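These protein sequence lines map, in sequence, to chains A and B. Take the first sequence: its position 249, counted from the start at 1, is 254 in the numbering used here, and no numbers get skipped. Take the second sequence: its position 74, counted from the start at 1, is 82 in the numbering used here, and no numbers get skipped.
It should be emphasised that the hints constitute simulated quantities derived from the structure, not laboratory data. Just so we're clear, the structure is a prediction, and the values are computed from it rather than from any experiment. Just to be clear, a hint being listed does not mean it is correct.
[Claimed, not checked] Pulled a few chain A residues facing chain B out of the computed Cβ check, cut under 7 Å:
no., residue
1, Gly71
2, Gly197
3, Phe220
Even for Gly, the Cβ is constructed at its ideal location relative to N, Cα and C.
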Amino acid sequence: MRRWLREPLLHFAILGTLLFGLYGWLRAGAQISPDEIVVARGQLQSLQAQFQRTRQRAPTPDELQGLVDGWVREEIFYREGVAMGLDRDDPVVRRRVAQKLEFLVDGVAPSQPTSAELQAWLDDNADKYPIEARYTLRQIYFDAARHGASLGADVAAARRALEAGHNPPGDPTLLPPVVERMAVPEVKRVFGQEFAEALSALPVDRWQGPLRSTFGVHLVMLSAIEPARRAALDEVRAQVERDVVQARTADIGATHYKKLRARYVVRIDASGTALQ
Amino acid sequence: MPATVGYAKGVPMGGDLSTAPSGRTPTFLVAALKDSIGANLDRIQIVKGWLDKDGKTQERVYDVAVSGGRTIDADGRCKTPVGNTVDVANATWTNTIGGPELIAVWKDPQFDASQRAFYYARVIEIPTPRWTAYDAKRFGTKPLPGTAMTLQERAYTAPIWYTP
C-alpha cells in the first residue's frame, strides 16, 4: 500500500486531474469558448469613433452593421491565420509587435525634472542653448563692378561725407540698409560669413569700412552689439525641459533593453559573411 | 526697396493681372539678389507663355537683365555668354564674373491686350561645378565620357497670369 502511494505515476495522475479541473473551471468562468467572437461594447464604440473621425458624422445602423461584419471577418481571419502560424517569421508582424513593446516602454513617463535638475542639465550642455550675438547697424553698399578702378576712392569719399554728417547714397541694392538686433547666424545668411566675422572687431557708433562681403563693399556703422552669452534657465526652460525628459525616456528604454538582453544568449553564425 | 513698391502698386508673382487699360502695356519689375554663399548671377529672364490661333502652347524667353555690361539685342536675347570660371578638377569656381544682384523693369514688346498669357521670371547663376564634379574630386574617380561637369543653377518665380 505504502509503495503504491509513493508511485510517481499516481502523483502525476492526481496532479494532472486537478490541473485540468482547475483549467476547465477557469475557462467556464470566462464564458468564452474558442469559437466564440464577442464584439464588446468598447470595440463597437471604437469602430463608431473611427467612422466619425473619417466622415465627420455618426454611422447609420446599416453602416454600423457593415463595420461590425467587417471587424468580425477580420477577427476570424486573424485567428485562423495565427492558428496556422502565419504571424511567425513575418518581418512586418515582427516589427509591429516589437514596436508596440517599444511604445509601451516609451509611454512610461519619466519623473518630471525639478528646477535644480534643469539648471544642472543647462550647465552641462550650455553650448546647446546659445544666445547668439546680435547686431544693430546701418550699411551703405558699393557694387565693385560699377565703380571699377575708382572703387577705393569712391568709398573713401563716401566715408568722409558720412563723417561730415552728409548722407551719400551708395549703390542701389536689395540688401537691407538698416539691420535691427540681427542674430549672427542671420547676418551670415544675409551678408555672408566674411562680413559677419568682420563685424565682431568693429567699434560702435563710428562709420567703418570698407568691409568686404560676398556682394561687394560696405561702409558700416554699428550702433549696438549684444554679445553672445550663456542662456539663463528661464529663457530656455521649455527647451531644456523637453531635452531632459527626452534623455530620461531614452535612458528608460536603454535600461529596459539591457535588462531584457541579459536574459538571452545570442549566437551568430557569421560564416560566409562580412561580419567579424 | 523694390518689393515694397511692387506690393504697393502691382500684382505679386502668383497673382492675376486682369484687363489692361486700352493702349497700355503692363510693366514688370524683377530683382534678384544672389545667395550669400552662392555663385554670382548671370542674367534674369522672363518667360512668356500663351496659346496661339490653333490652340497650341507657345513660349518665348526674354533676357531682361544681364551682368557684366553685356547688351540685350533687339530680339530680347543676350548672345554673349557670361563666361566660365569652373575648375572642374578641383570642383571650384570664382565669383569674378557675373553680378551679385540684378534688377530690371521690362515691358513685353509683343503684348496683346486681348490675349491670355503667363509671365514668370527665372534667375540664372554663373556656371558652377555640377555634383558629378564634386563627386569626381571627392572620390578621385574619372567620370564617364559625356558626363556634364558644370551647370548653371536657376531659380524661378511663380507666374503672373494676364487674364483679360
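Hint by hint, here is what the structure shows:
Interface restraint check: glycine 71 of chain A against chain B, minimum CB-CB distance 45 Å, threshold 7 Å, status violated. The beta carbon of glycine 197 of chain A is positioned within 7 Å of a beta carbon in chain B (closest approach about 4 Å), and the interface hint is therefore held. Checking phenylalanine 220 of chain A against chain B by beta carbon gives a least distance of about 4 Å; that is within 7 Å, so the hint holds.
The structure fails hint 1 only (numbered hints given earlier).
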